[in-house]
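Please take these sequences and the hints and turn them into a complete structure.
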Amino acid sequence: MPETPIAVAMSGGVDSSTVAALLVRQGHSVIGLTMQLWNQRRLPELAVEGASGRCCSLDDVYDARRVAEQVGIPYYVVNFESQFEEHVVKPFVQQYLAGRTPIPCTLCNNYIKFDRFLEMADAVGALQIATGHYARIRYDKPSRRYQLLRAADASKDQTYFLCGLTQPQLSRTLFPLGEMSKPEVRELARSFGLAVAEKGDSQEICFVPNGDYAQFLDAYLKESGIAQPRTRGEIVTTDGRILGEHAGVHRFTVGQRRGLGIATGEPLYVIATDPAKQRVIVGASDDLLRDRFFTSDVNWISIARVAQPRRAQVKIRNKHYAAPAWLNATGDPTRVEVAFDEPQRAVTPGQGAVFYDGDLVLGGGWIE
Amino acid sequence: MQHYYFDHNATTPVAPEVLEAMVSCLGQVYGNASSIHFFGQTAKQRMEAARRQLAALIHADPTEIVFTGGGTEADNMAVLGMVRPGGHVITTAIEHPAVLAPCGRWECDGLAMTRLPVGASGIVNPDDVRRALTPQTALISIMHANNELGTLQPIAEIARMAREAGIPLHVDGVQALGKVPVDMEALGADLYSMSAHKLYGPKGVGALYVRKGTRIAPLALGGHHERDRRPGTENVPGIAAFGVAAELAGRSLAAESDRLAGLRDRLENTVLDRISGTGINGARWNRTPNTSNIYFEGIDGEALVIALDLRGFAVSTGAACSSGAMAPSHVLTAIGCEPGRARASMRFSLGRSNTIEQVYALVEALEASVAHLRRISVHA
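Taken in sequence, the protein lines are chains A and B.
So the number in the working numbering is just where the residue sits in the first sequence, counting from 1, plus 997.
So the number in the working numbering is just where the residue sits in the second sequence, counting from 1, plus 12.
In case anyone wonders, no lab produced these hints; they're calculated from the structure.
A hint or two may mislead.
[What the hints assert, rightly or not] Here are the in silico distance ranges between beta carbons for each label pair:
#1 A:R1187 / B:A380: 53 to 63 Å
#2 A:E1066 / B:E32: 22 to 32 Å
#3 B:E350 / A:E1066: 51 to 61 Å
[Stated by the list, open to error] Computed, partial: chain A to chain B, Cβ under 10 Å:
#4 P1071
#5 Y1073
#6 M1117
[To be verified] Over 10 Å on every C-beta distance to chain A, these chain B residues come out as not near it, computed from the model:
#7 A144
#8 A177
#9 S269
#10 G274
#11 N281
#12 D312
#13 H384
For every residue, glycine included, the Cβ atom is placed at its ideal position computed from N, Cα and C.
What follows is the structure, encoded as structure tokens:
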């Protein structure tokens, strides 16, 4: 082969298809790989008629294969279902049952897309991988670090889910769409004549096609033969008044307003869940505000660590605007205290906290 | 890049003579074989000639051949045409899904199903069949040659037992036909499934041998074709091609199977000599001459298939599924391979086009790919 090939992770969507076509157009040797992560025939009770945006469906594999054929690259489906179950789905279920709100996309990136997939790329002789993520990578000579930056199109930026990427992973990864906007990508896809150019964006979490996590949990536990945890309990206000009953703490997430089944004068929000006492704690909107929290298992990307308190903007969920804060070091370099300038709503245990300095992703970890 | 094909158990290239017969038939013999006129009669003649050719290959009477749309349909017809909920069927843990799935379809409605174990050899013990018999047993369905291991099952012995017990025996012969001699008198099966594309014929045509006197219900309804057993206007070009493929197989079988066994043994011995941590899955005796299933310790078979394909060698990890993704093989699991070894196993199936030079080139590619995969330690 003329040069070492690049392995492109092809989902069958417009973004990764465009990446494959673009790299071929630029003259690279490319191998297309689709990761089979989840068997959509499982849990048939969750099937959504005509659902789009679910990954790993036969339709998506069909689309990816068609694009590979069109741009003339070798193409294979690789089966990572067991790794996906182990590293993404099981932790997702366990976290929910423990009263936290997990983000499986980050786990998938850490353990599957930028780990197992890189291994597979190695196996087929590809030193680099490319994906359709909206983010940018830059090598910074003075610090000798690969830096991660927000996508040029802020509305599509996916760095929140990429905060676990390590230096070796970043050094081998290409994000060819990082400088483009979504309309530009679609235009490019059209110019390449790709049939997927008008395909809808994927939504929700890929293995929960209808977006109903509680229903997924029920079905998954039933399939695994695990008894439903008895998490029925009380709905309690912040000052200790019992307002009613709930059907399980795992059905609630911090900041949630609907589905409490309680009629009160002012709107009530879930402030916290307490799996130990099987309690859902509710309160007014202002009770959701917190000004500081700890982040553990921090992965540092663009900097090696924080020693002194450092200014940053911190994002506590994907749709959150990054709020100004101080990062305070602890004795443990992978544990950081975040102190917001202004209190923020719904700091949710289990979600990621990602630290930015402008476009630069400093690092990120998990909210304790 | 030159591409070499070592996946003949998946399918075979169409032989030139077969292609010629099929194309000429497709172009010229367009009559409906059920029609009374000249055109219909010509089609009928081509079809009946093919029936005689296939019957000759398996030493059967032409009236015992029912043409189908392939091996899977023949298997389905044999199972669903013979068994009803409430009955009992004896099969093996290493059958093809085309047999297991139709059995399984009625299992929840009260069909009792015995899946006989095969042990590490991949060969069923006839005594296990005898022990599994019950008064409700309506069918014994056991493959002739296994698609992944090539192991041959003791069909003649099982057939004697079945006949004594008065129970019909179905044999899935898809992977045996054309590779080993198939003689319905010697084998004694009542039903025998076949597929054209495994012996250099076209895809989409198969046949079920139905011994005279065996009563079987059709799968589909709507016509009197194939003696009321398989309705639908016959695929005359495909059937004609199947006939030619059968005749070719009969002529070349003895010499070709010796040649393939020689290549296969050379492949295995060279791999075992030159690559550490390798071994053969299943028995090395009593198997089809073209099939070898080898494990490469510590290797992800899926990665090895892709790496070999990129070097121009087509092999397989076992069964391929519709999305092209690979799932752990139920056959390797049944012969006691733990999941790691099952995932580290590859199927090589040789055929007419393969030469000793290709085998050596394959071993070299294997050596390089396995060394690379072990160096970067991609784990299953």
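So, going through the hints one by one against the coordinates:
With their beta carbons about 42 Å apart, A:R1187 and B:A380 fall outside the hinted range of 53 to 63 Å. The given range of 22 to 32 Å is respected by A:E1066 and B:E32, whose C-beta atoms sit roughly 30 Å from each other. The hinted range of 51 to 61 Å is not satisfied by B:E350 and A:E1066, whose Cβ atoms lie roughly 37 Å apart. The beta carbon of A:P1071 is positioned within 10 Å of a beta carbon in chain B (closest approach about 6 Å), and the interface hint is therefore held.
Given the 10 Å rule on beta carbons, the hint for A:Y1073 holds: about 5 Å separates it from the nearest Cβ of chain B. About 6 Å separates the beta-carbon of A:M1117 from the nearest beta-carbon of chain B, less than 10 Å, and the hint is met. Every CB of chain A lies more than 10 Å from the CB of B:A144, the least distance being 29 Å, so the non-interface label holds. Here B:A177 stays apart from chain A, with its beta-carbon at least about 38 Å from theirs, past the 10 Å limit.
Residue-level check passed: B:S269 sits 33 Å from the nearest beta carbon of chain A, beyond 10 Å. For B:G274, the shortest C-beta to C-beta distance to chain A comes to about 32 Å, beyond the 10 Å cut-off, and the non-interface label holds. Look at B:N281: its CB is around 26 Å from the nearest CB on chain A, clear of 10 Å, so calling it non-interface holds up. Residue placement check: B:D312 does not keep its beta carbon more than 10 Å from all beta carbons of chain A (closest about 7 Å).
A cut-off of 10 Å between C-beta atoms contradicts the statement that B:H384 is not in contact with chain A; the least separation is 8 Å.
Taken one by one, the earlier hints fail for this structure at numbers 1, 3, 12, 13, listed in ascending order.
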